[in-house]
Amino acid sequence: MLEIKNLKKSYDGVTILHDINLTINDGEIVSILGPSGCGKTTLLNLILGLTDADEGEILFQGENVLELPMEQRGFNIVFQDYALFPNLNVYKNITYGLRNRPSISTRQEVEDLIDLLGLREHLDKKIEQLSGGQKQRVALARTMVMKPKILLLDEPLSALDGVIKESIKAKIRQIARDYRLTTIIVTHDPEEALTLSDKVLIVQNGTISQYGKPDDIIKKPENEFVKEFILNQLLIKKNNIFTLFRQGNAPEMAVQAGAAG
Amino acid sequence: MSRKKELEIKGIFVLVVLVFLIFLLVPLARLFLKSFVGDAGLTPDFYGEVLTGRGFLRAFGNSLVISSVSAVVTTLLAFILAYGVHYCNLPGRYKGFISRAAVAPMLLPTITYGFAIIYSFGKQGLITRLFGTQLFDIYGFNGLLLGYVIYTLPVSFLLLSNTMSYIDKKFSVVSRIMGDSPFATFVGTVLRPLLGTLAASFVQCFFLCFTDYGIPASVGGEYEVAATVLYNEMLGSVPNFSRGACVAMLMLIPSVVTIALLHYLEKYNIRYNKISQIEIRRGRIRDTVFGVLSAVILACILSVFAVIFVVPFVDEWPYRIQFTLEHVLGVFADNSLVTVCRNSLVVALLTAALGSLTTYGAALTTARSHLPGGVKQVIENISLITNTIPGMVIGIAYLLIFSGTPLQNTLFLLVICNVIHFFSTPYLMMKSSLTKMNASWETTAMLMGDTWLKTIVRVVTPNAMGTILEVFSYYFVNAMVTVSAVIFIAGARTMVITTKIKELQYYTKFNEVFVLSLLILAVNLAARGVFRGIAAGRQGAKRMVRRPAFRKQKA
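Here the protein sequences line up with chains A and B, keeping their order. Counting from 1 along the first sequence, just add 27 to a position and that's the residue number in this note's numbering. Counting from 1 along the second sequence, just add 722 to a position and that's the residue number in this note's numbering.
These aren't lab readings, by the way, just hints derived from the structure by calculation. Warning: the hint list may mix true and false statements.
Said to hold, decoys possible - If you anchor each label on the Cβ, the simulated ranges turn out as follows: (1) B/Leu1175 with A/Thr42: 33 to 41 Å; (2) B/Tyr816 with A/Phe256: 26 to 34 Å; (3) B/Leu1175 with A/Lys254: 46 to 54 Å; (4) B/Gly901 with A/Phe256: 43 to 51 Å; (5) A/Asp39 with B/Ser790: 43 to 51 Å.
Claimed, not checked - Among the chain A residues that face chain B by a calculated CB cut under 7 Å, a handful are: (6) Phe106; (7) Ala110; (8) Asn114; (9) Tyr118; (10) Gly124.
From a predicted model like this one, the values you see are computed outputs, not experimental measurements. From the three backbone atoms N, C-alpha and C, an ideal C-beta is built for every residue, glycine too.
Next up, chain A with everything else stripped away, as it sits in the complex:
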């Protein structure tokens, strides 16, 4: 269980985040949702340990980790731009961490991850030969080899399009379920957040606007911001889609989530 209590962060006297209180249960997928500049990436960096907090506590399994340096917290992140190492091929990227800690994953566990993420045929490729979705899966595999206690994902879908987006969503869900891994995702896209996660944390102006299950957020928006900016956006999307399909074009095939990416 990850508990955050009264977390506060400011840069040069400007408060970025304040009064952050929340609890995330083991194995949950939580999305941090908000407009750009709301402080969601700062929150992610605080949990990761890349940034120091001004006040508050971050408790993981009851222990305050705020004073621990990043590399000792045991959390791990996949950055938005993947940060893959172009001088190494796919396989060497995936097993990068094994050079430092050979026993962290067994050979079998690595092979399982490669198969789970569908990377078997790409292992000898260079990073520059991969598509966006493939890069994302390599970055996920590389991070999973390190067996993170919490997986942090920074805008994992924003650089991907269409069907690939759905397939990566499915992979993220599968990983969280199979490995019972607490996963925290930063996103600016309400549709992504509400369809991917168990709980959604809506951040606005540096503090929590609403935190709850997707259902609750749709049915019981707690304030104007959630109504105006989150739900309204989805409503427009919904209407657009409905208009498209009303004109006699019945959908002929279902979306194949989890297909190729």
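With chain A held as given, fit chain B onto it using these hints.
Frame of chain A, contents of chain B only:
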């Protein structure tokens, strides 16, 4: 604290700063002091003496005039060449030839240019004999102009060619579709975006001409320039170090002004992220004109160098012109010359190694650390200062401060002098390459158990290798051809090829001069080939990192 303290990078920063403190700032301070200190304590008298005596002001004025004229001519010629490459439908191989030939003079020391001019256009020169009459008087203004133009053309061409490759050529299409006349299109979509670079090219060429010593040393004649005055004050028949220091300080003034101008012009520098490839409009007349003009310009330049390949291989130019290898073999039989060649190679290799290390360390602190901005600014300022100081000034400062120390007459002193003298451009190349790399690598690698140093070795360095090789090659070639700084600090045992050429000139042994020049050319060509080969082998078909738009070349 969870933020890593970055102790390693702080250590590197301290080391880099220490090197520049000891080998740049302290010598410069000493030079400054020397220009004021006489037997009777502090005095401004030396400046008075210099400014009033021995035609200094006239030489200074001459320098300003000849440098300005050369800069204008060079920029014009370089524009024609670059326009031919980027805006005309010339055959691809011809374009490749233009690009390579335009930068070829970089591979030779400037002191050679002068002798090549003498042996081409002099009374008994190769070209004079071909035409049957001497085309112009080579000693003085004309010879200097020709030498300076050849010397600065590569830099000007690189600057203009680089900017032209970034200018969006679609604007030309838009302009024509909107009904502009061809002239208006040219002005609006070629000339205007290039203005900043054209000005930068002028300033850069001016700086190079003003601070070069090699060319006036050979063809200056009666036309005295600031660099020759400086040399004569320091190493002439009646040396006066205090007056020399004054001249050096005065030479800094135009340097500082030109660099300040370059920085100001940087604002006009256009930066496009994407280079859009577009088909160039058909234009037979345009293509013919620029194709022919380019050929003429390059023929003129290369013909000057033709003599280098002729004179050392004939019996006795111009009287007995049978082919012979006697002179070449003579050089290799001469022990002192072989030592000089070995010194040059050792200095060039060590300069390249130490220079790459220094620039890499410096660029890591500015491009890949979280040190505060003020700390990074220190490195930026160092780069700026090294860019401003002419080689001769560094050489004289070293002469003043290291004479009598164990460092005097060591190859190490030559190496460190080169590393500092040429620091700016490779540093900027390195920084630009490191800045472009993914900012999250270090964090990601640390989460996988790397230390900072491990990440640098396993990830950053392999990805920077292309640029590191470029920097290595840049330092190597420049160390091979430089004469301005090392002429003051090379001793009898630490003589390098370029300083030896200066000495051979004194004894009028021109065969040896040309053999040694050829040797430098061969070594540089070979070195470039090797470094390019390694880089290509490593990177596969991947494109090399682009050079920063404003790079500086120094004598």
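We went through each hint and held it up to the structure:
{"no.": "1", "hint": "B/Leu1175 with A/Thr42: 33 to 41 Å", "result": "holds, 36 Å"}
{"no.": "2", "hint": "B/Tyr816 with A/Phe256: 26 to 34 Å", "result": "violated, 60 Å"}
{"no.": "3", "hint": "B/Leu1175 with A/Lys254: 46 to 54 Å", "result": "holds, 52 Å"}
{"no.": "4", "hint": "B/Gly901 with A/Phe256: 43 to 51 Å", "result": "holds, 46 Å"}
{"no.": "5", "hint": "A/Asp39 with B/Ser790: 43 to 51 Å", "result": "holds, 48 Å"}
{"no.": "6", "hint": "Phe106", "result": "holds, 4 Å"}
{"no.": "7", "hint": "Ala110", "result": "holds, 4 Å"}
{"no.": "8", "hint": "Asn114", "result": "holds, 4 Å"}
{"no.": "9", "hint": "Tyr118", "result": "violated, 15 Å"}
{"no.": "10", "hint": "Gly124", "result": "holds, 3 Å"}
Figure legend: structure checked against the earlier numbered hints; hints not met, in rising order: 2, 9.
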